[in-house]
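These protein sequence lines are chains A and B, in that order.
All residue numbers for the first sequence refer to our numbering, where the first residue is 1 and numbers rise by one.
All residue numbers for the second sequence refer to our numbering, where the first residue is 1 and numbers rise by one.
No wet-lab data here; the hints were simulated from the structure.
Be a bit skeptical, because a hint or two may be false.
Said to hold, decoys possible - So, partial list: chain B residues that the calculated Cβ filter (under 7 Å) puts toward chain A:
#: 1; residue: 42
#: 2; residue: 55
#: 3; residue: 200
#: 4; residue: 231
#: 5; residue: 242
#: 6; residue: 248
Claimed, not checked - Which bits of chain A does chain B cover? Going by a derived footprint, with three or more residues having C-beta under 8 Å, they are:
#: 7; segment: 103 to 109
#: 8; segment: 246 to 257
#: 9; segment: 391 to 403
From the three backbone atoms N, C-alpha and C, an ideal C-beta is built for every residue, glycine too.
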Amino acid sequence: MTRPYAPDRYAAESARIVRHDPAMRDAVDGAARAKAARREKAWAEIEVEGWRDWARDLKSHVLTHLDRYLEEAETSLLANGVQVHWAESAADACATVLAIAEARGVRRVVKAKSMLTEEVGLNAALEARGLTVRETDLGEFIIQLLGEPPSHIVGPSIHRSLDDCRRLFHERLGTPPDAAPEALAAAARRALREDFLQADMGVSGANFLAADTGTVALIENEGNIRISTSVPPVHVALVGIEKLVPRFEDLAGMVQLTARSATGQPIGNYVSLIQGPRRPGEPDGPEEVHVVFVDNGRSGLLADPHAWEVLRCVRCGSCLNICPVYRQTGGHAYGWAYSGPIGAILAPGLLGLEAALPLPFASSLCGACAEVCPVRIPIPELLVYWRERAAEEGLTPRIESVAMRAWATLAERPAAFGAVSGALEAVPLQRVGRALPVLRGWVEERSAPEPGDRRFLGTWSRKEEGA
Amino acid sequence: MTQTTPSPDPPLEGPDLPLQGSPSQGRRGRVSLFATCLADRYFAEACADTVHVLRHFGVEVEVPPGQTCCGQPAHNAGHRPEALRMARHTVATFDGVDPVVLPSGSCAAMLRRVYPRILDRATTDARAHAGPTRGPDAGSDDDSSAAAAGSLPDRTWELSEFLVRGLRVLEGPEARSEAGDEPRLGTGLAGLRVAYHHGCHALRELGVRNEPAALLRACGAEVVAWEADRECCGFGGLFSTKFPAVSAGMADRKLDTLPSGVDVVTSADGGCLLQLSGRAERRGGRTSGPGATFVHLATLLRRGIAS
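Generate the whole structure from the sequences, applying the supplied hints.
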C-alpha cells in the first residue's frame, strides 16, 4: 500500500482532516469511543491492575534477556519443523518473503492482518514482483479495495462509515446500495473464499511467540487468520523480535489481556496456536511454515536506556482509542503504519528520529494513554524523551531553542523576568500575534488572552509592604 | 443515619499524600504561594484570591519574591537544559519546610512529579559521563541526587487538594452548617451552575479528582455533569501553537458538550481556561449557556466562602 505522505506532513494533514473532512473525524471519533468504552468494561471485570503489572514485568523480562529467548525460540521452532529466517531491515524482510515465494513458485498470496507487514511494506514489494496479494481481514479488505492504508492498529477501516462501505461494496461486489452489515460481510466472505482456495501462500504476523515451545499465537475474530495460515501450502509468519514470551503458559494471560484491551472481549473469537507444518498422518495444515524474525530498528530501541520500554507494546490500540489527538484525525495523518501515541514513540526508533518528526510532538501530553496501556508503557514520558533528543540534535525550530534559552535566563533573574512579564501588558497580542512565530498558531484558532492591567506578583509586594 | 457527604460523588479517591510541613494540626501554619508565571500574568485576580482563601482558613501566606517559571513549557517541548535551570531556580526559591501551594495543577505536577525525574536523571547522567574514575565519590553523588529536588515535591500542593487533603476544610465541625448535615464553606456560589474542567495533570499526575467539585458544592454551587469533563482541552503548551487545528478541534469537543444553562466553566488550570475561553470567543456565540464565562477555581472559591 503506497502512502500519499510521510510523518513530516502531519501538521498539514491533521489540519486538513480537522477542518475539511468532518466525515472522517466523526467516523474515527465514534469508533474510538466505542472501543474505549468496551475496553473499560472488560477491564472492570478483572483485577486489571495486577494483570497489567504482570504483563509489564513479563515483557520487560523477555526484553532484558532477549538474546537468550530468541535463541531458545529458534531451537524450538526448528524442532517443530519450522524454517527460521532473520531479517535486519524492512528490505531484508521483504526479500526473505520473496525468496520463499519464488522457491515455491507462488503466484497468489492471502494475508492475515499484520501491522508488521504494513511496517515493512510487504504488499508493495510482493506486487512489484507480479504477485497477487489479497488482504483477508474484513477491515483490511475494505481499505485494500479503496487503495488506502490502515488508520488504526486493530480497526484498519474505522475511518470509514457504514455508508462508505455500502457504496464501495455496491460498486465493486454488486451488493444492493442499502445492504445490511451482515450482507456486506457475506459478500466479502464469498469473494475471499475463492482467494483462500487458490492461494499458494498465506502471510501472517504474530501476536506472541512462546520461546519454550516455538508456538506462534494469533488472535482474531473473523476466522480469516486461521484459514490464511492453514489452507495454503505455505505459511509465512513475520514476527517482530519483541513478540516473544518465555513460556507457552504465558500466552494464556497475554492473549486475554490483549483481547480485553483491544476489543473488550474476554478472548478473541479465534486464537490460533501454530506449532509447525502438517505432520505425517495429519489431514490438513501447510506443508511449510516459515518464521521471519524482523528487527528493523528494534535492537537499536532496545539498546536505548529510556526508549526501550516501547517494545513491550502488544499492539492493542487502546492508547489510540482513548487519545483525544488521535480522535481528531484517525491514523492517516501520522503518515506511517503505527499511529496515535504508540506510533509517535515507535516512529523515532523504527524510522529514525528525523524521519519521525513531528510525531513525538503531536500530543498534548494529557496522559490518558498511559492509563490504558496494558503493559504500562510510560508513553508521555517517552514522548518527552524523544522531544529532548530532537532538541539536542538540533531538529527543533531554531527560534524555539533561542526563545527557550532566553526564557530560562530570564527565569533565573526574577527582576528581569517580572519586567518582561509586565511589559506584555503593552503588547496587543491579538493584533501582532500573526507576525510572531509562537503566537501565530494560537491566534489562528483562538482569541489571544487579555494580559490584564497588572501582574499579581508586582502588585502583591507593594500591597504587602503597605499593609 | 444522616447523610454527611457533600455530594453523591464517590468518596475522595487518591493516594494518601505525605503531609510534610502540612499545617493540618489546628489549621495553623504557614505556606508559600507559587503564583506560577501564567497565572501571575493572566490570572492575577486568582492569585490574590488564592491568598485570600488560604488566609480565610487561618493560614499565613508568604510569597517568595524570587519565583518565576517552573520550567514546564521547556520540559514539555523537550528543552531539557532550560527545564533543569528553571527547576533548580524554583527548588532554591522554595527552600525550607513550608508547604508550597499553587493555583495550577499542571505546575504543581511539574514540581511534584517531574522535578524528581529530571533532576535525578541529570545527576545519573552526569555520573555516567564522569565514568569509573569517580567511583569512590559515588556515595556523595547519590546524596546530591537525593538533594536535587529536596523535599519540594513532597511539599507541593495544588490549591484545591491543599484545602481538602491538607487543611481538611470539608471535615470537622467548622465546616458544617448550623443544621450540621452538610459541610458549608459559605453560600457565595448558591444558585450558580458550574462546569468543572479537569486539567489533565491535576487529574492524572496529582490525582485531584473530586476535590474541586466538593469544594464548589460546599459553597452552594451546582456542579453539573459534563461528559467531556475529563478530556483534554487541547492546550498542551506549545502543542496548541504547533498544531492549532487539532488543538482547536479538541477545544471544540469540550465546548460542544457543555451542558446547557452553565453559568461558569472553571478549572484549576489557567492554561486550559485560556484555551477554552479563547476558542469560545473565536467561535462566537456557539458555546452553550449564553452567559457562560471562564473563571479560575481560586476566584470561584473566594466568592464561595463569602456568606
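Results for each hint:
1. Given hint, residue 42 of chain B at the interface with chain A, holds; its Cβ is 5 Å from that chain's nearest Cβ, closer than 7 Å.
2. Because the smallest distance between the Cβ of residue 55 of chain B and any Cβ of chain A comes to about 12 Å, over 7 Å, the interface hint for this residue is violated.
3. Among the interface hints, the one on residue 200 of chain B holds; its C-beta lies about 4 Å from the nearest C-beta in chain A, closer than the 7 Å criterion.
4. At a threshold of 7 Å, the smallest CB-CB gap from residue 231 of chain B to chain A is about 5 Å, leaving the interface hint in force.
5. Of the supplied interface hints, the one on residue 242 of chain B holds, with its beta-carbon coming within about 6 Å of a beta-carbon of chain A, less than 7 Å.
6. With 7 Å as the threshold, the beta carbon of residue 248 of chain B comes within range of chain A, its nearest partner Cβ sitting at about 4 Å, so the hint holds.
7. Proximity of the segment 103 to 109 of chain A to chain B, defined as three or more residues with a beta carbon under 8 Å from a beta carbon of that chain, is not established by the 0 residues found.
8. Counting residues of the segment 246 to 257 of chain A whose beta carbon lies closer than 8 Å to any beta carbon of chain B gives 0, which falls short of the minimum of three for the stated coverage.
9. Counting residues of the segment 391 to 403 of chain A whose beta-carbon sits less than 8 Å from any beta-carbon of chain B gives 5, enough to reach three: the coverage restraint holds.
Hints 2, 7, 8, counting from the list given before, are not met by this structure.
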